[in-house]
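Novice: Produce the complete structure using the sequences and hints provided.
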Amino acid sequence: MNLAAQTALKSLVANDTIRVGRLISPLAIRYLVVPLGETPSKAAINLVESLSNQLDLRRTYYASDLVIFENVSWLPIISVLDEESSVASEQAGDIALTGQELKSTMPLLVDQNSVANKRVKSRFSGGTVHLAVPFDSRWQLFVDGALLSPRVAFGSSTAFDAPIAGVVSLHYKTSPLRYLYLILQTLAWLCLLMLAANFSRFRRRIRQIDVKKITLVPESPRPEQKIDMASR
Amino acid sequence: MKKIGWRFALAIGLILASFIAVIFVNQLGDGDRTTSLEQRSENIFGISSMPSVAGSSQLSSSWFCPGVPGAEKSVTSEIIVANSTDIPITGKVTFISSDKPAAAALLVVQPFTRSVFDATGGRKSKYISAIVELDSGSAAVEQRIIHPAGDSVSLCANKPSDRWFFADGFTGSDSMFNILLSNPFPDATVVDISFVTAEGKREPASLKGVIIEPESVFSLAMGEQGARNEIVLAVSVRATAGRFVAGKLQHFLGRGRLGYSTSLGASSTSRQWWFAGGQKNLDTDEQLVVFNPTSRDQSVSVAFLTGTTDEIFREPLVLTIPAGRVTTLATSKLPAITDGRYGIVVSSITDDFVASDKDSADEFVVVEQVTSRKFENKTGTTTIFGAPFGAPSRVWTVASGSPASGGSLVILNATSLVATIKISTVGPAGSVAIEGFEQIKLDAAAVIEIKIPLTSADLPILVEADNEIVVQREVNRGHELVGVSSVLGLPHRSTGMTLVTGR
Chain E
1 MNLAAQTALK
11 SLVANDTIRV
21 GRLISPLAIR
31 YLVVPLGETP
41 SKAAINLVES
51 LSNQLDLRRT
61 YYASDLVIFE
71 NVSWLPIISV
81 LDEESSVASE
91 QAGDIALTGQ
101 ELKSTMPLLV
111 DQNSVANKRV
121 KSRFSGGTVH
131 LAVPFDSRWQ
141 LFVDGALLSP
151 RVAFGSSTAF
161 DAPIAGVVSL
171 HYKTSPLRYL
181 YLILQTLAWL
191 CLLMLAANFS
201 RFRRRIRQID
211 VKKITLVPES
221 PRPEQKIDMA
231 SR
Chain G
1 MKKIGWRFAL
11 AIGLILASFI
21 AVIFVNQLGD
31 GDRTTSLEQR
41 SENIFGISSM
51 PSVAGSSQLS
61 SSWFCPGVPG
71 AEKSVTSEII
81 VANSTDIPIT
91 GKVTFISSDK
101 PAAAALLVVQ
111 PFTRSVFDAT
121 GGRKSKYISA
131 IVELDSGSAA
141 VEQRIIHPAG
151 DSVSLCANKP
161 SDRWFFADGF
171 TGSDSMFNIL
181 LSNPFPDATV
191 VDISFVTAEG
201 KREPASLKGV
211 IIEPESVFSL
221 AMGEQGARNE
231 IVLAVSVRAT
241 AGRFVAGKLQ
251 HFLGRGRLGY
261 STSLGASSTS
271 RQWWFAGGQK
281 NLDTDEQLVV
291 FNPTSRDQSV
301 SVAFLTGTTD
311 EIFREPLVLT
321 IPAGRVTTLA
331 TSKLPAITDG
341 RYGIVVSSIT
351 DDFVASDKDS
361 ADEFVVVEQV
371 TSRKFENKTG
381 TTTIFGAPFG
391 APSRVWTVAS
401 GSPASGGSLV
411 ILNATSLVAT
421 IKISTVGPAG
431 SVAIEGFEQI
441 KLDAAAVIEI
451 KIPLTSADLP
461 ILVEADNEIV
471 VQREVNRGHE
481 LVGVSSVLGL
491 PHRSTGMTLV
501 TGR
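Chains as they are written, first to last, in the working numbering: chain E, 1 to 232; chain G, 1 to 503.
Worth flagging that the hints you see were computed from the coordinates, not collected in a lab.
C-beta atoms are modelled at their ideal positions from N, C-alpha and C, and glycine is treated no differently.
Hints are supplied without guarantee of correctness; some may be wrong.
As the list claims (entries may be wrong) - In the DSS-like style, the derived pairs of lysine-lysine whose C-alpha atoms are separated by at most 27 angstroms in a straight line are:
hint	chain 1	residue 1	chain 2	residue 2
1	G	K378	G	K451
2	E	K10	G	K159
3	G	K100	E	K103
4	E	K42	G	K159
5	G	K374	G	K333
6	E	K103	G	K92
Unchecked claim - For the chain E half of the interface with chain G, some residues (derived, Cβ under 10 angstroms), not all of them:
hint	residue
7	S11
8	T17
9	R19
10	S52
11	Q54
12	R58
13	R59
14	I68
15	V72
16	Q100
17	L195
18	A196
Specialist: Here is the structure:
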């Protein structure tokens, strides 16, 4: 998806497209903000110029120091695509994106959590559910408990073809290998830390201190002093 | 003790090396990206304001056509898309109109062909504009109106602009002069319109803050805006919010002008305007209309290019156009010009632009050429904008070619070197040079008129040269009318286009 965003931005800067909104639509990008500052650079001015020529961006805020465009073709992070967009999502490349405006019929699983931690469940009446996240086969969509497997959408994001209506929930099944990698990474860091800190040097320092024999000399007995109180 | 230091230093060294490697790799990546963008920027932001063919350097292209009448039964209109590559071009055409919602249709243009589409999309609206989006940078698009008063071809813009200018409006003898403002954006565009007549500049309150609704076409009959029966009429349209595309439809009905002419507006002023199709003879009445939309007086030099050495070095004609006014130069009446074909270059001399480095924000002038040709009491008039500064190129495409009714190419060598020119048509076998036009020598600053043979009619034409040239097409107006309709070819962007600094 980074590649998709990069390609879209390159097309924008190169004036290669007038539909950048559609190109970034599967990435769920709704606003494009260009901070210009007091003395805008030439690159920033050119960027605003290119953005101003885009047919699917709406000027939301236009000031000398800040410009905000709204993408009228944006898709929510999790949404149900309409039929045409669903067909388009099976293809990759700019043509699939720019050929028509992508539309969602409704957003799904709206809550405050990130995509991978959705706690809510939504009811929907079937269709293609699009996730604005990089494709990963570990995404799982459950419709009334039935597990659906994902497919690649628009060549980069994730979609589920769900021909059945019901209550939807989304999960990401973390790979067991991830935990192994975490353990390995922790071990590697520990090793590096030990190597850098070199705890054994304290022991060695102690070892390297010269051993000196200490001879205990018994104190010689002093003569007992007697005070003759009577002679005083 | 020594052993401990060694290991400690090794560990620190490893960590530092990792950090340096990460920074180095990141910087290397950034550098590559910056270079790539800069290379693209040089082509993209340093181009002329004139519509052009991007070429293979660009993966797609967009064309905003100025608009056609959609409700007149006697008028038909076409969008011509030329594909000079060996792969099919696909795309989409969106029709926006004055009173209906936008509609889109898919299109496919087969390799080495040109496709002709109905410019109205089968819709009945007063005015309709087409936006053509294609998946190839090598495509070329034009708009053609077939009108009983004379067919007219006009260029389509590559992008909208926040300002458009027209130097020659004409409402004499109740001639029609309509301006079409197309807004292809999802936001409304707000424009201020001002015009200049022989009496001076006028900015009616009714033309301030005119709203062009999203994805619609707004038409303005200048005769109904207090500019009736004017023989001098220049128009500036500037957006206060948004961008748009502007074109003009002119139907000349008298006072020395007859016929139908359409044109895309000028999206910027320029400090130089090139015209290939100058002509002087007893039957031709030619004018240069110079519009100064700025708030300061502008001086321009007008040089006539015939390829003859002594005429090249002749002192150019100097005109001063007062701020916000129009000056018309009747070139046919200049005694110093000999009969025949010539090129014209109009250059701003207000500032020494060679030495100036801060004029990129300045505005200069807009120049149009008006040519009326007469034959047996019949007249045919055409208007054409010149090629602005930066437009002369080594490769030009003529998308719709020359019609079967006849036409010619007029080519101006814009350099001081001899140019060798090849003229090809794009047909089923690809680009093939027209017999007899494989190698044409054209002297410095000279003009040549080439009649396109009927066997090459309706084929896209490719003109290639080893120096910068300007290509203008003159096609018969059809309907057995006298005169021609003039339109520039489309220069190729990546070959010889230089930086534009005028706005």
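Novice: Would you mind marking each hint as holding or not holding in the structure?
Specialist: Here's how the hints hold up against the structure:
Restraint check: the Cα-Cα separation between K378 of chain G and K451 of chain G comes to about 23 angstroms, which is no more than 27 angstroms; the hinted pair holds. Proposed proximity of K10 of chain E and K159 of chain G is supported: the alpha carbons are some 18 angstroms apart, at most 27 angstroms. At most 27 angstroms may separate the alpha-carbon atoms for a hinted pair to count; K100 of chain G and K103 of chain E meet this at roughly 22 angstroms. For the given pair, K42 of chain E sits about 20 angstroms from K159 of chain G by alpha-carbon distance, which is consistent with the 27 angstroms threshold.
At most 27 angstroms may separate the alpha-carbon atoms for a hinted pair to count; K374 of chain G and K333 of chain G meet this at roughly 16 angstroms. Between K103 of chain E and K92 of chain G the alpha-carbon distance is near 18 angstroms, which keeps this suggested pair within the 27 angstroms criterion. Nearest Cβ of chain G to the Cβ of S11 of chain E: about 7 angstroms, under the 10 angstroms cut. The hint holds. Restraint check, T17 of chain E versus chain G: the minimum CB separation of about 6 angstroms is within 10 angstroms; hint holds.
Interface hint at R19 of chain E: satisfied, since its Cβ lies 7 angstroms from the closest Cβ of chain G, which is below the 10 angstroms cut-off. Checking S52 of chain E against chain G by beta carbon gives a least distance of about 6 angstroms; that is within 10 angstroms, so the hint holds. Proximity of Q54 of chain E to chain G holds as hinted, the smallest CB-CB distance being about 8 angstroms (cut-off 10 angstroms). Using the Cβ-Cβ criterion of 10 angstroms, the hint placing R58 of chain E at the interface with chain G is satisfied: the shortest such distance is roughly 5 angstroms.
Taking 10 angstroms as the C-beta contact cut-off toward chain G, the hint placing R59 of chain E at the interface holds, the least distance being around 6 angstroms. Of the supplied interface hints, the one on I68 of chain E is violated, with its beta-carbon coming no nearer than about 13 angstroms to a beta-carbon of chain G, more than 10 angstroms. Look at V72 of chain E: its Cβ gets to within about 5 angstroms of chain G, closer than 10 angstroms, so that hint holds up. Checking Q100 of chain E against chain G by beta carbon gives a least distance of about 8 angstroms; that is within 10 angstroms, so the hint holds.
At its closest, the beta carbon of L195 of chain E sits 4 angstroms from a beta carbon of chain G; the interface hint therefore holds under the 10 angstroms criterion. The interface hint given for A196 of chain E is met, as the beta carbon of that residue sits about 4 angstroms from the closest beta carbon of chain G, less than 10 angstroms.
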